[in-house]
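K.L.:
Here is what each chain is made of, one letter per residue.
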Amino acid sequence: DAGVTQSPTHLIKTRGQHVTLRCSPISGHKSVSWYQQVLGQGPQFIFQYYEKEERGRGNFPDRFSARQFPNYSSELNVNALLLGDSALYLCASSLSGLPVTDTQYFGPGTRLTVL
Amino acid sequence: GENVEQHPSTLSVQEGDSAVIKCTYSDSASNYFPWYKQELGKRPQLIIDIRSNVGEKKDQRIAVTLNKTAKHFSLHITETQPEDSAVYFCAASKGNYGQNFVFGPGTRLSVLP
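Residue numbers (my numbering), protein chains in the order written: chain U, 1 to 115; chain H, 1 to 113.
Heads up, a few of these hints could be off.
[As the list claims (entries may be wrong)] Keeping only pairs whose Cα atoms sit at most 27 Å apart, straight-line, the calculated DSS-like set for lysine-lysine is:
#1 H:Lys42 x U:Lys30
#2 H:Lys42 x U:Lys13
#3 H:Lys94 x U:Lys30
#4 H:Lys68 x H:Lys58
No lab work stands behind these hints: they were computed from the structure.
Note that this is a predicted model, so its numbers are computed, not measured.
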């Protein structure tokens, strides 16, 4: 799991605001996925990107968006924040994004609190 | 879509005993099953995984078994130690692009010294 970094580590926002979370994958990894983990629950899939293209989207509203840059880092954007968006946001990287062949490693997460 | 159930939700064992956590999944097309350990305030860490062409995999004190017919897979930890105390998550994936990981709700394991 070494090498996936996320920023910031903690963030406090108020309802209606916008937030941008950032992720840098392990060197050489081209796929990044984003997950939301509400306290006491397992992570829920939000997006997967590979080679700057969206490869998968979970059951989240359009307020959630993401992109991947040429250096394979990624941003997750959330608009019009709701109290229910408070969670740990996890980024995970893998070589190709194909679980059948390679392993996914998680970053430390960004703890978002919406007041 | 895929649904993953995990049991038990909490498990307490004495140090040195074995612990078993079981997950069931609904989508027969799923073919990759990782297990993650998450300590309080930390990131999920992969501890072992199994792909559907294998029935069992072992790594020192940890093993995973897969029964594709019954659609369940289990994590076995032998000779448990206090540092094994954490929340354990199972997950299932179909293994293709965009085939996201569906996680179970987690099992809180406490190893009592």
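K.L.:
Next step is simple, just say for each hint if it's right about the structure.
P.N.:
Against the structure, the hints:
1. H:Lys42 x U:Lys30: Roughly 24 Å separates the two Cα atoms, so the pair holds.
2. H:Lys42 x U:Lys13: 22 Å, holds
3. H:Lys94 x U:Lys30: 19 Å, holds
4. H:Lys68 x H:Lys58: The hint holds at about 18 Å.
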